[in-house]
Amino acid sequence: MSTGTALVGAPLRRPAGGLRALRRTSAKVGLALTLLFLLIMLVAPLVAPYDPYDQDLSSALSPPSAVHWLGADQYGRDMLSRVIYGTRTAFLAVLVADGLALVVGCAMGLVAGFFGGWAEAVIMRLVDMLLAFPYLLLALIIVAALGPGLTNSMIAIGIVYTPQYARLIRGQVLAVRQADYVRAARALGASRLRQMLRHVLPNSFPPILVMATLQAGSVVVETAGLSFLGLGAQPPSPDWGALLADGQSYFLTAWWIATFPGLAIFLLVLGFNLLGDALRDHFDPRRGA
Amino acid sequence: MSQPLLEVRDLRVEFAGDAGPVEAVSGVSFEVRRGETLVIVGESGSGKSVTSLAVMGLIPTPPGRIAGGEILFHARDGKVRDLAKEGPRALQRLRGAEIAMIFQEPMSALNPVYTVGEQIVETLRLHEPLGRRAARARAIDMLEALGVPDPGRRVDAYPHELSGGLRQRAMIAMALSCRPSLLIADEPTTALDVTVQAQILALIRKLQGELSMGVIFITHNLGVAAEIADRILVMYAGQTVEAAATRDIFERTRMPYTKGLLGSIPRLGMDRDAGPLPIIPGSVPRLGNLPRGCAFHPRCAHMRPQVCTDRRPDLDKVEAGHVVRCARWRELELT
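Quick note, the sequences are listed as chains A and B, same order.
Take the first sequence: its letters are residues 0 to 288, numbered as in numbering that gives the first Met the number 0.
Take the second sequence: its letters are residues 0 to 334, numbered as in numbering that gives the first Met the number 0.
These are computed hints drawn from the structure, not numbers from a lab.
Glycine residues also receive a C-beta, built at the ideal position from the N, C-alpha and C atoms.
It is possible that some hints are incorrect.
Unchecked claim - Pairwise CB distance ranges (calculated):
#, chain 1, residue 1, chain 2, residue 2, range
1, B, GLY19, A, PRO133, 45 to 51 Å
2, A, ARG191, B, HIS219, 28 to 34 Å
3, A, LEU208, B, HIS219, 39 to 45 Å
4, A, ARG191, B, ARG8, 25 to 31 Å
5, B, HIS219, A, LEU192, 46 to 52 Å
6, B, ARG303, A, GLY116, 45 to 51 Å
Using the sequences and the hints given, assemble the complete structure.
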């Protein structure tokens, strides 16, 4: 019997050549963009030419030049440095908001899918309720309740994205818990908790990974959006959304203030999305089978 | 005679259906002794798998439930426990340690994200106070005992890296790692090709001798049953229709259904010109909609109106250890 056929139907495929789908160009671009921003975030103090908070009124609103590569804002702060430091807020938001949504959503979905009954009914109705709101509106309501600020806006976005994870993982769990190896684990004396955490959860995870990557892009946009509306990161912190809001009033006279943060948002979101698409293709059982 | 290990008496399992509860197993009794193999034979839907799940305490509840009967298991501590009434925690402690089960599909019964060794170690450590290293050593010993070549390396293999036969051996290693006294094997060889099938059957027999296990072996293949069984129980529509020692089932068949099953096995030396292989016409009736009288009568070549259609026949004793459920067994000459 060959082992080749064994791959078909396995929830987590491990093709011989590693992440095959990641070799396509769009995937490479996505990975490169994401890694580039990650690198910039890590070495921000080393590569930023100025302190992002330093005001230099003599160069206020100066256009891109050899001194200020991306120009300066209305207080003379170096835009390049502010955009570079902005990656930190962006990744922090991804980590906190996407992480929160993932952990809470997975826990909810896992409990709902595995135990069913009234637990499922309560959790899934809550999820439906949250899903009924438009994302930004729901985030606005939560921030309004919690009060503006970067932390609260991240929590709000985390809550907004939780139901999607809960739904996705519940569906996975419903399928995986019927798998023979879960029944086998049960037949050999594994407790419910052990079946759930050790056997069902890891096998439900690949689509979650894809969703986490795709959501990362949305989280960047939504965080920036809340900051743009003045509900997220507060001035003077260099958040892309706040920078965009700053630049808005000068757009006709000093286009660079709004353009470069916008470009940064665009590129990072593009990176996450291309990467997410590639991961989805990789885990898609209909491909390459 | 060796001591009894499992005594099932009048087991009834029902499932909630749209039109009230449906009995998937209605009044099945049997017994398994240490070192003995009981083969339960039946078509899909005959209730053979449900019976084995009931013994494991794995009937999905709801919709299913054990509606009656006793499942008396002689546990290692000397107590006789009624598995039909034990709580979930007590059953969980027995599963894997004293009663183990192996499944039909060795691929899907192993978790794809862990190595074979990790899965054997997990079962071991669930039931025995073993350290990681000791458990791993036991896992390697176990694989070796099952004839897995190069067990020191295979223990770190993922299921998809192994062939079907090796996977089934790994599955058996997992099930037998805690030396259970009762093994339930639900068609463990159906997914394997014939040579591997023979090896696995031989292996189960060998280990059964070494561990003096009782084995309940579920299959629809009477050829496999002949190979491994001490006793055979034939099920149809949730009931025992015939049960006897293996030789009697084959040589002194009393039930037309058993006869039909025997007749539909291809044999070496069969005359090809004699026409197609005999089949049993029709299919197993739906449990919610059993025919009146004998459940098998619509498919039976020996059916007589009224005798077979009016009341369900009782399970009659033909001789010691041979029972049959057929209204006409005294008059029929089947062999």
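* Asked: Given a hinted range of 28 to 34 Å, is it respected by the beta-carbon distance of ARG191/A and HIS219/B?
  -> Holds, at about 32 Å.
* Asked: Range hint 46 to 52 Å: satisfied by the CB atoms of HIS219/B and LEU192/A?
  -> Taking Cβ atoms as reference, HIS219/B and LEU192/A lie about 36 Å apart, which means the hint is violated.
* Asked: Should the hint that GLY19/B and PRO133/A are 45 to 51 Å apart at their CB atoms be regarded as holding?
  -> 46 Å, holds
* To do: Note whether the CB distance of LEU208/A and HIS219/B lies within 39 to 45 Å or breaks it.
  => Between LEU208/A and HIS219/B, where Cβ atoms are some 41 Å apart, the hint holds.
* To do: Mind checking the hinted window 45 to 51 Å against the Cβ distance between ARG303/B and GLY116/A?
  => This hint holds: roughly 50 Å between Cβ atoms.
* Using the C-beta atoms of ARG191/A and ARG8/B, is the stated range 25 to 31 Å upheld? -> At 29 Å between Cβs, range holds.
Against the hints set out earlier in the document, a violation occurs for number 5 only.
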